[in-house]
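Those protein sequences? They're chains H and G, same order as listed. Each residue of the first sequence is one higher than the one before, starting from 1 at the first, in this note's numbering. Each residue of the second sequence is one higher than the one before, starting from 1 at the first, in this note's numbering.
Among the hints, erroneous ones may be present.
[Stated by the list, open to error] Just so you have them, the derived chain G footprint on chain H, three or more residues with Cβ under 8 Å: (1) 41-52; (2) 126-136; (3) 140-148.
[To be verified] Pulled a few chain G residues facing chain H out of the computed Cβ check, cut under 8 Å: (4) V67; (5) D70; (6) L123; (7) A133; (8) A136; (9) A139; (10) R140; (11) D147; (12) S148; (13) I149; (14) D153; (15) A171; (16) L172; (17) G173.
If you're looking for bench data, these hints aren't it; they were derived computationally from the structure. Backbone N, C-alpha and C define an ideal beta-carbon position, used for all residues, glycine too.
2 protein chains.
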Amino acid sequence: MRVASPKALIFDVFGTVVDWRNGVASACADLFSAREIDFSPLAFADLWRAEYQPAMERIRSGNRGYVRLDVLHRENLDIVLAKTGLENRIEDAERDALNHAWERLPPWPDTVEGLGLLKADHLLAPCSNGSIALMARLARFAGLPWDSILGADIAGNYKPDPQVYIASVAALGLRPDEVMMVAAHNDDLFAARECGLMTAFVCRPNEYGPEQKTDLAAESDWDLIAESMTGLAGLLKH
Amino acid sequence: MRVASPKALIFDVFGTVVDWRNGVASACADLFSAREIDFSPLAFADLWRAEYQPAMERIRSGNRGYVRLDVLHRENLDIVLAKTGLENRIEDAERDALNHAWERLPPWPDTVEGLGLLKADHLLAPCSNGSIALMARLARFAGLPWDSILGADIAGNYKPDPQVYIASVAALGLRPDEVMMVAAHNDDLFAARECGLMTAFVCRPNEYGPEQKTDLAAESDWDLIAESMTGLAGLLKH
Chain H
1 MRVASPKALI
11 FDVFGTVVDW
21 RNGVASACAD
31 LFSAREIDFS
41 PLAFADLWRA
51 EYQPAMERIR
61 SGNRGYVRLD
71 VLHRENLDIV
81 LAKTGLENRI
91 EDAERDALNH
101 AWERLPPWPD
111 TVEGLGLLKA
121 DHLLAPCSNG
131 SIALMARLAR
141 FAGLPWDSIL
151 GADIAGNYKP
161 DPQVYIASVA
171 ALGLRPDEVM
181 MVAAHNDDLF
191 AARECGLMTA
201 FVCRPNEYGP
211 EQKTDLAAES
221 DWDLIAESMT
231 GLAGLLKH
Chain G
1 MRVASPKALI
11 FDVFGTVVDW
21 RNGVASACAD
31 LFSAREIDFS
41 PLAFADLWRA
51 EYQPAMERIR
61 SGNRGYVRLD
71 VLHRENLDIV
81 LAKTGLENRI
91 EDAERDALNH
101 AWERLPPWPD
111 TVEGLGLLKA
121 DHLLAPCSNG
131 SIALMARLAR
141 FAGLPWDSIL
151 GADIAGNYKP
161 DPQVYIASVA
171 ALGLRPDEVM
181 MVAAHNDDLF
191 AARECGLMTA
201 FVCRPNEYGP
211 EQKTDLAAES
221 DWDLIAESMT
231 GLAGLLKH
């Protein structure tokens, strides 16, 4: 694969850079254990994540003004607790604490080394639907060497709305064709390409666990296709 | 001095964290030498900086929509070249290159060690009038360990407009009284205090050179008053 060298790389984070499923499940496991709740933490994490797109869609569609993902996560937690019949088992303060699980997600094993390699030659920033507040704390927890935090908060909207990619590129003072979007999700890359960005697919076949059905392979001729962040760094060196 | 421990520190950058005057003068000296221009680089840096407040004031007053500081710096460079009679000596491409001098400013000698100490216990972010594009590149050049970049670009306006402090605090998911503004400029701290932030004055008596007349001392009972960034870190440890 040959590609013009991007000046900056911007990243999807949940699933691409960090393992949200096991991170959230781990926090749920601690709480459920303390409260003697018999519910699968991984199943709970999946249910919580399932409310993610519908909540953002209300904002993307214009039915609700922009609110940060931290707020949506907290609202979605209430929804999932009600759906699972656990609403009387978890106090408000515990819910607030559990909501911070999204700030303490483990990086994939190749993430920190890969970002370190990539940082030598490129500006690096998340272009995530997570807020600046969330992404800044997550970066400290996971050791992510971002140069700035871009994404939803910069744009006041959620991916895949084009404004999120456009505002993130503009914030770096670059043209879209100077920036590469890195994601484990084909739909994210289709949207970024539509805005004129270069694209890199990093395959994360276990993001949704062993039963994952989506995004198991590149669905287009993305500029780069890699199996890991270190692999991506290798491709960009050549 | 006693102060509640802030969760985040946000910083003025030009003058407080980095030495804009010697940094810009150094870039000017290189160019003037190559072009055999006999003009004091320090005097030119001072003239360039003198256009800073008037340019921002047109935006703060509502007479012009928000444009990034990079654009204002470039416009101001043209103004100063005309005022100094050098407009026919420096090509457009050289002006564009010189404008990047603001991304390559040396930190004060205590800055990097001080920020490193402060980062252990606090979120750190610039709350500067510099753009994300400018601040991200400056951070790489000077080794500034920011957790994110906040300030004018987040707010779409320039300090001391209250919105810049308010938007920066909100982006961190914190209340104003959980955040401390750090600046070498009393007027910056007056504006931040008005928004409910804690305040720290770090004295930089040579920002404008040996003839500096302003900001030689704290002009109010700021929550903390320090002689250096390492000194500030010491005060926050106690």
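### Proposed interface contact between S148 of chain G and chain H, which counts if any beta carbon pair is under 8 Å
It holds, given that the least Cβ distance between S148 of chain G and chain H is near 4 Å, below 8 Å.
#### Entry: Cβ contact check, 8 Å cutoff: the region 126-136 of chain H against chain G, three residues minimum
It holds: at least three residues are needed, and the region 126-136 of chain H offers 6 whose Cβ sits within less than 8 Å of chain G.
### Query
How about D70 of chain G: closest beta carbon in chain H under 8 Å, or not?
6 Å, holds
### Query
Does D153 of chain G meet its interface restraint, that is, does its C-beta lie within less than 8 Å of any C-beta in chain H?
6 Å, holds
### Query
Hint check: is the beta carbon of D147 of chain G less than 8 Å from a beta carbon of chain H?
4 Å, holds
### Task
Have a go at the L172 of chain G hint: is there a Cβ in chain H nearer than 8 Å to its own Cβ?
5 Å, holds
### Query
Holds or violated: is the Cβ of A133 of chain G closer than 8 Å to a Cβ in chain H?
3 Å, holds
### Query
Going by Cβ atoms only, is R140 of chain G closer than 8 Å to chain H?
6 Å, holds
### Task
Count residues of the region 140-148 of chain H with a Cβ under 8 Å from any Cβ of chain G, then say if the count reaches three.
As far as the region 140-148 of chain H goes, the hint holds, because 4 residues have Cβ atoms under 8 Å from chain G.
### Message
Hint A139 of chain G vs chain H: min CB-CB distance below 8 Å?
### Response
With Cβ-Cβ at 7 Å, under 8 Å, it holds.
### Task
Return the status of the interface hint for V67 of chain G: holds when the least beta-carbon distance to chain H is below 8 Å, violated otherwise.
12 Å, violated
#### Entry: Interface hint status, L123 of chain G versus chain H (Cβ within 8 Å)
Interface hint status for L123 of chain G: holds (6 Å vs cutoff 8 Å).
Of the hints listed earlier, those the structure fails to meet are numbers 1, 4, in rising order.
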